[in-house]
Amino acid sequence: SQKIEQNSEALNIQEGKTATLTCNYTNYSPAYLQWYRQDPGRGPVFLLLIRENEKEKRKERLKVTFDTTLKQSLFHITASQPADSATYLCALDHNYGQNFVFGPGTRLSVLP
Amino acid sequence: DGGITQSPKYLFRKEGQNVTLSCEQNLNHDAMYWYRQDPGQGLRLIYYSQIVNDFQKGDIAEGYSVSREKKESFPLTVTSAQKNPTAFYLCASSTGRPADQPQHFGDGTRLSIL
Numbered sequence: 001s002q003k004i005e006q007n008s009e010a011l012n013i014q015e016g017k018t019a020t021l022t023c024n025y026t027n028y029s030p031a032y033l034q035w036y037r038q039d040p041g042r043g044p045v046f047l048l049l050i051r052e053n054e055k056e057k058r059k060e061r062l063k064v065t066f067d068t069t070l071k072q073s074l075f076h077i078t079a080s081q082p083a084d085s086a087t088y089l090c091a092l093d094h095n096y097g098q099n100f101v102f103g104p105g106t107r108l109s110v111l112p
Numbered sequence: 001d002g003g004i005t006q007s008p009k010y011l012f013r014k015e016g017q018n019v020t021l022s023c024e025q026n027l028n029h030d031a032m033y034w035y036r037q038d039p040g041q042g043l044r045l046i047y048y049s050q051i052v053n054d055f056q057k058g059d060i061a062e063g064y065s066v067s068r069e070k071k072e073s074f075p076l077t078v079t080s081a082q083k084n085p086t087a088f089y090l091c092a093s094s095t096g097r098p099a100d101q102p103q104h105f106g107d108g109t110r111l112s113i114l
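Those protein sequences? They're chains A and B, same order as listed.
Position 74 of the first sequence, counting from 1, maps to 74 under the numbering used here, and the rest follow consecutively.
Position 64 of the second sequence, counting from 1, maps to 64 under the numbering used here, and the rest follow consecutively.
No lab work stands behind these hints: they were computed from the structure.
For every residue, glycine included, the Cβ atom is placed at its ideal position computed from N, Cα and C.
Where hints are given, some of them may not hold.
Stated by the list, open to error - In silico lysine-lysine, DSSO-like type, Cα no more than 30 Å apart, as pairs:
1) 9/B with 70/B
2) 17/A with 57/A
3) 71/A with 70/B
4) 70/B with 14/B
5) 3/A with 55/A
6) 59/A with 3/A
7) 14/B with 3/A
8) 14/B with 83/B
9) 70/B with 3/A
As the list claims (entries may be wrong) - Covered by chain B, according to a simulated footprint, are these stretches of chain A (three or more residues, beta-carbon under 8 Å):
10) 52-60
11) 65-72
12) 99-111
Said to hold, decoys possible - Chain B residues, not near chain A, derived (Cβ > 10 Å throughout):
13) 6
14) 16
15) 41
16) 100
17) 103
18) 107
19) 113
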């Protein structure tokens, strides 16, 4: 069956460290993968998109990798800050790119 | 500012009642989507529309209905046939085929049963 998993429901790290979040998928063949941030009671906000032929994408303190062989994406936040505390969702394109399937999310807490 | 507006923020439904959630966008996006989010779960697609007067069922369409009479509006009706409607509902839009375009989300409507 098709499945998207994100490494853990919650992740706690110390301020200044690098947070690494994992998105693994089974029985999907995405051409695109997106990462979103969601704060409590708010809608998700788009962060980054990576294509299947791109190994890595960066935006300021954020870095995303996409390994179609391992069927995995890693999302890194370097020099993490308490303001980075949120839930992070990965999403894969699905149904010939007509829509996206979302993972359950990882709730990141950056401790001061 | 351009964006997506969902209303109301909180909604209560009585047993046997239909309720309609509003979603309006001024981003001039062709595609619009409705998702349901339950605690600890990812977003699940209810319905989507790529163009006015056309919409498609998502993964969990049973008990829901939509219309797309105007480009900027995509209301969702939660019918009495939806037996477990308590959830956080999110509307999104994008510039057509979403695979390589970001989705822009509203701030959701939280629906509860009285």
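Evaluation of the provided hints:
1. Taken as a hint, the residue 9/B and residue 70/B pair is honoured in the structure, with Cα atoms around 22 Å apart against an allowance of 30 Å.
2. Only pairs whose Cα atoms come within 30 Å are accepted, and residue 17/A paired with residue 57/A is accepted, the gap being roughly 20 Å.
3. With a C-alpha separation of about 39 Å, the suggested pairing of residue 71/A with residue 70/B is violated against the 30 Å cut-off.
4. Of the supplied pair hints, the one linking residue 70/B and residue 14/B holds, its CA atoms being roughly 29 Å apart against a limit of 30 Å.
5. For the hint linking residue 3/A to residue 55/A, the alpha-carbon distance of about 22 Å falls within 30 Å, and the restraint holds.
6. Taking the CA atoms of residue 59/A and residue 3/A, the gap is near 28 Å; set against the 30 Å cutoff, the hint holds.
7. Distance check on the hinted pair: residue 14/B and residue 3/A sit about 34 Å apart at the alpha-carbon level, beyond 30 Å; violated.
8. The straight-line distance between the Cα atoms of residue 14/B and residue 83/B is roughly 12 Å, inside the 30 Å bound, and the hint therefore holds.
9. For the hint pairing residue 70/B with residue 3/A, the CA-to-CA distance comes to about 35 Å; that exceeds 30 Å, so the pair is violated.
10. Counting residues of the stretch 52-60 of chain A whose CB falls under 8 Å from any CB of chain B gives 0; the rule of at least 3 is not met.
11. Coverage of the stretch 65-72 of chain A by chain B is violated in this model, with 0 residues showing a Cβ closer than 8 Å to a Cβ of that chain against a need of three.
12. Here the stretch 99-111 of chain A counts 7 residues with a CB under 8 Å from a CB of chain B, which clears the bar of 3, and the coverage holds.
13. A beta-carbon of chain A comes within 10 Å of the beta-carbon of residue 6/B; the shortest separation is about 8 Å.
14. Its beta-carbon lying about 28 Å from the closest one in chain A, residue 16/B satisfies the requirement of being farther than 10 Å from that chain.
15. The non-interface label for residue 41/B is inconsistent with chain A: the shortest C-beta to C-beta separation is roughly 6 Å, within 10 Å.
16. With a closest Cβ-Cβ approach of about 5 Å to chain A, residue 100/B is found to fall inside the 10 Å limit, against its non-interface label.
17. Once the 10 Å rule is applied to beta carbons, residue 103/B is inconsistent with being away from chain A; the minimum gap is 7 Å.
18. Once the 10 Å rule is applied to beta carbons, residue 107/B is inconsistent with being away from chain A; the minimum gap is 5 Å.
19. Non-interface call for residue 113/B relative to chain A: holds, since the shortest CB-CB distance, roughly 19 Å, exceeds 10 Å.
Checked against the numbered hints given earlier, this structure breaks hints 3, 7, 9, 10, 11, 13, 15, 16, 17, 18; the rest are met.
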